[in-house]
Amino acid sequence: MYSTAINLLVCTLLAPASPTTKGEITFAADGADVPERYRLPAHTFTYQRAPEYDLTYSGVAVDTLKFPSPVTSPDVENNTVYCEYFRPKKPGKYPAVIVLDIMDGAGVVSRGEAMWLATNDVAALVVTMPYYGPRRPAGVKTRLLSPNVDQSVEHVRQTVLDCRRATAWLVAQPEVDASKIGVVGTSLGSFMAGLVCAAEPRVRSACMLLGGGQLVDSFAEHPRVAFMVQALKLAGVTLDSLRKQIAPVDPITYADRLKEKRLLLIAASRDDVVPPIAMKRLWEATGKPKIVWLDSTHVGAAFYSFRAMNAVVDFVKQ
Numbered sequence: 001m002y003s004t005a006i007n008l009l010v011c012t013l014l015a016p017a018s019p020t021t022k023g024e025i026t027f028a029a030d031g032a033d034v035p036e037r038y039r040l041p042a043h044t045f046t047y048q049r050a051p052e053y054d055l056t057y058s059g060v061a062v063d064t065l066k067f068p069s070p071v072t073s074p075d076v077e078n079n080t081v082y083c084e085y086f087r088p089k090k091p092g093k094y095p096a097v098i099v100l101d102i103m104d105g106a107g108v109v110s111r112g113e114a115m116w117l118a119t120n121d122v123a124a125l126v127v128t129m130p131y132y133g134p135r136r137p138a139g140v141k142t143r144l145l146s147p148n149v150d151q152s153v154e155h156v157r158q159t160v161l162d163c164r165r166a167t168a169w170l171v172a173q174p175e176v177d178a179s180k181i182g183v184v185g186t187s188l189g190s191f192m193a194g195l196v197c198a199a200e201p202r203v204r205s206a207c208m209l210l211g212g213g214q215l216v217d218s219f220a221e222h223p224r225v226a227f228m229v230q231a232l233k234l235a236g237v238t239l240d241s242l243r244k245q246i247a248p249v250d251p252i253t254y255a256d257r258l259k260e261k262r263l264l265l266i267a268a269s270r271d272d273v274v275p276p277i278a279m280k281r282l283w284e285a286t287g288k289p290k291i292v293w294l295d296s297t298h299v300g301a302a303f304y305s306f307r308a309m310n311a312v313v314d315f316v317k318q
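Residue numbers (UniProt numbering): 1 to 318.
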């Protein structure tokens with residue numbers, strides 16, 4: 001699936017030159033229905049949108065979108081959010097989703113998923129997360145996730161707030177059915193998707209692929225990280241203290257909020273990256289929503305792409 005989408009992108013000519021569209025989006029102040037950590041005050045932000053590709057034979061148009069992040073980081077490049085908007089070209093009102101990438105961040109998975117969604121009448125906005133792609137300054141070693149837990153937690157917060165602005169932009173588009181807004185995330189993006197769904201009232205559904213919750217315990221029990229647990233103990237870091245640090249960015253922390261949303265969980269029964277117990281724990285904590293188990297490893301789940309993405313399309317359209 002992903003290679004097909006990439007070939008379509010590579011082989012398609014750039015859309016005809018057209019002026020960049022500029023505009024403003026008004027964001028209303030948040031209430032108690034948003035976790036305090038992820039609240040935003042009333043404000044207006046600007047955006048720029050420009051055509052990128054016209055995929056004539058696929059019936060899809062792709063535009064670039066950028067807007068300022070609501071979080072000002074020390075790195076100027078990271079303070080602009082870059083997106084690609086895949087939309088069906090034919091007239092109509094469509095469900096729309098934010099798509100979040102894997103840790104690799106090359107955009108192969110997220111763009112492939114967005115292309116699949118758009119060709120199946122779901123508008124998809126790929127949001128580049130902090131310190132990925134053009135948001136990563138040259139020569140700077142900072143990454144979204146790092147051994148610096150406090151810094152990583154703040155980067156995750158920025159990701160969620162960026163996606164909240166992206167949601168505000170999405171619901172303002174004339175072709176979008178504002179009653180059917182969702183978020184789709186894979187691997188790293190899956191954890192972010194759960195947080196975005198919990199934090200953004202306009203997002204009614206989340207499709208979480210190869211993720212989970214109760215992260216500290218789930219990973220600490222994994223044989224591959226046993227040595228890291230021992231190293232942390234030697235450094236004076238307890239699992240309890242780590243749980244408290246990670247809690248604000250663990251989807252299971254917001255299980256009660258997620259119970260009120262529509263969830264589709266897709267997991268690999270032999271996942272060797274994200275322990276399957278992590279998804280089981282999230283599934284139980286969120287009221288046992290729909291879950292699909294793939295008989296695969298983490299990377300091996302790619303062989304089930306058609307099955308997984310068909311399930312995602314059907315779910316977000318409901």
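Keep in mind the hints are simulated off the structure, nothing from the lab.
Please note that the accuracy of each hint is not assured.
[As the list claims (entries may be wrong)] Here are the computed lysine to any residue pairs in the SDA-like style, where the Cα-Cα straight-line distance is at most 25 angstroms:
hint, residue 1, residue 2
1, 141, 104
2, 259, 64
3, 288, 270
4, 90, 73
[Stated by the list, open to error] Label-pair distances were calculated between CB atoms; the ranges are:
hint, residue 1, residue 2, range
5, 44, 233, 17 to 23 angstroms
6, 179, 291, 41 to 47 angstroms
7, 141, 26, 34 to 40 angstroms
8, 59, 146, 16 to 22 angstroms
Heads up, the beta-carbon is just placed ideally off N, CA and C, and yes, glycines get one too.
Each hint tested on the structure:
1. 141 to 104: Judged against 25 angstroms, a Cα distance of about 15 angstroms means the pair holds.
2. 259 to 64: Not OK: residue 259 and residue 64 at ~33 angstroms, beyond 25 angstroms, violated.
3. 288 to 270: holds, 20 angstroms
4. 90 to 73: Given pair residue 90, residue 73 is violated - Cα atoms ~39 angstroms apart, limit 25 angstroms.
5. 44 to 233: 17 to 23 angstroms: Because 49 angstroms falls outside the window, the suggested range is violated.
6. 179 to 291: 41 to 47 angstroms: violated, 24 angstroms
7. 141 to 26: 34 to 40 angstroms: holds, 37 angstroms
8. 59 to 146: 16 to 22 angstroms: Given about 41 angstroms between the Cβ atoms, the range is violated.
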